[in-house]
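Protein chains: 2
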Amino acid sequence: MSKSADIDDREEGLAFQPKFDASGLVTCVATDAATGEVLMVAHMNDEALRRTIASGEAWYFSRSRKALWRKGETSGHTQRVVEMRADCDQDAIWIRVEQSGAACHTGRCSCFYRKVDAAEGGARLSFVDAEKQFDPKAVYRK
Amino acid sequence: MSKSADIDDREEGLAFQPKFDASGLVTCVATDAATGEVLMVAHMNDEALRRTIASGEAWYFSRSRKALWRKGETSGHTQRVVEMRADCDQDAIWIRVEQSGAACHTGRCSCFYRKVDAAEGGARLSFVDAEKQFDPKAVYRK
Chain S
1 MSKSADIDDR EEGLAFQPKF DASGLVTCVA TDAATGEVLM VAHMNDEALR RTIASGEAWY
61 FSRSRKALWR KGETSGHTQR VVEMRADCDQ DAIWIRVEQS GAACHTGRCS CFYRKVDAAE
121 GGARLSFVDA EKQFDPKAVY RK
Chain C
1 MSKSADIDDR EEGLAFQPKF DASGLVTCVA TDAATGEVLM VAHMNDEALR RTIASGEAWY
61 FSRSRKALWR KGETSGHTQR VVEMRADCDQ DAIWIRVEQS GAACHTGRCS CFYRKVDAAE
121 GGARLSFVDA EKQFDPKAVY RK
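Heads up: the protein sequence lines correspond to chains S and C, in order. When we follow my numbering, the leftmost residue of the first sequence carries the number 1, and every step to the right adds one. When we follow my numbering, the leftmost residue of the second sequence carries the number 1, and every step to the right adds one.
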């Protein structure tokens, strides 16, 4: 296929052909199916994608640990996938999930618990929706 | 700072210290402020982040074109940032935006116009919310 036919096929076709990056990963955004809140951004390799699709539970690939990882396997805070979508060029995945417990390893519902605002010299953060739902030290036995 | 103090500072502190990857980028998820729909996933470098924060309009860095890019500079389909958030380790940004026109270069409201479902041999796509809002050939004068 020519490059432009290939792009058309990927963007307008119905074949699922994820476009993995040089590390074999696609970006995955998980949002709360009930509230629309973005819970986390993580990565999936081919195997994580396959397992997520087959099981209906979110699996990821940890870049820091270089390991496949079922969300909640340590914490119990699993994600049931309500819907999965692929973006135009198929290098990003969006899953709407039912989150049990809380998504963030810090104990918050979402990883996005700080707002960024313009400030003198650049930007500053402030906490928002930042109540801890669990004690990470207890859950991860640090 | 020790590694663990550094992680604590990044995760629990209020200094904005984006963690850029080897290419100098963070991942940015843009959602529709009104509907919660994920519109697109793109990347920002330091300059794109600065301009977005200072102007309240979304700027990105195009990996394919290796260029800073104000969303909508060609199409007119700009994004006004209602809120910006940083995630726990500050390598991902979430912006809630007011999208003028449509977010996707294919003409759809969102880049995520195809659903992924389990199927014989893996997965298949189907269109959902895939009506084109504009004609990309006309807008981008291809």
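It should be emphasised that the hints constitute simulated quantities derived from the structure, not laboratory data. Any given hint might turn out to be false.
Identical copies go unnamed one by one, so any copy, or any two together, can satisfy a pair.
[Said to hold, decoys possible] Computed list of lysine to aspartate or glutamate pairs in DMTMM-like fashion (alpha-carbon distance at most 20 Å, straight line):
#1 Lys-66 with Asp-117
#2 Lys-132 with Asp-32
#3 Lys-115 with Asp-32
#4 Lys-137 with Glu-37
#5 Lys-137 with Asp-89
#6 Lys-3 with Glu-37
#7 Lys-19 with Glu-73
#8 Lys-19 with Asp-32
#9 Lys-3 with Asp-32
#10 Lys-137 with Glu-120
#11 Lys-115 with Asp-8
#12 Lys-132 with Glu-98
#13 Lys-132 with Asp-21
#14 Lys-3 with Asp-129
#15 Lys-66 with Asp-135
All of these numbers come straight from a predicted model, not from anything done at the bench.
Do the hints match the structure? See the list:
1. Lys-66 with Asp-117: Result: close neither inside a copy nor across copies, 33 Å intra and 27 Å inter.
2. Lys-132 with Asp-32: within (17 Å within a copy, 26 Å between copies)
3. Lys-115 with Asp-32: both (18 Å within a copy, 17 Å between copies)
4. Lys-137 with Glu-37: For Lys-137 and Glu-37, neither the intra-copy (25 Å) nor the inter-copy (33 Å) Cα distance is at most 20 Å.
5. Lys-137 with Asp-89: Classified as between: cross-chain Cα gap 17 Å, same-chain 39 Å, threshold 20 Å.
6. Lys-3 with Glu-37: neither (36 Å within a copy, 30 Å between copies)
7. Lys-19 with Glu-73: Result: close neither inside a copy nor across copies, 27 Å intra and 26 Å inter.
8. Lys-19 with Asp-32: Neither: 25 Å inside a chain and 25 Å across chains, both beyond 20 Å.
9. Lys-3 with Asp-32: neither (36 Å within a copy, 31 Å between copies)
10. Lys-137 with Glu-120: Neither, since 35 Å and 42 Å both go past 20 Å.
11. Lys-115 with Asp-8: between (38 Å within a copy, 17 Å between copies)
12. Lys-132 with Glu-98: Within one copy, since 18 Å is at most 20 Å while 30 Å is not.
13. Lys-132 with Asp-21: Answer is neither; intra-copy 34 Å and inter-copy 28 Å both fail.
14. Lys-3 with Asp-129: neither (45 Å within a copy, 26 Å between copies)
15. Lys-66 with Asp-135: neither (25 Å within a copy, 42 Å between copies)
Violated hints, listed in ascending order, are 1, 4, 6, 7, 8, 9, 10, 13, 14 and 15; each of the other numbered hints is respected by the structure.
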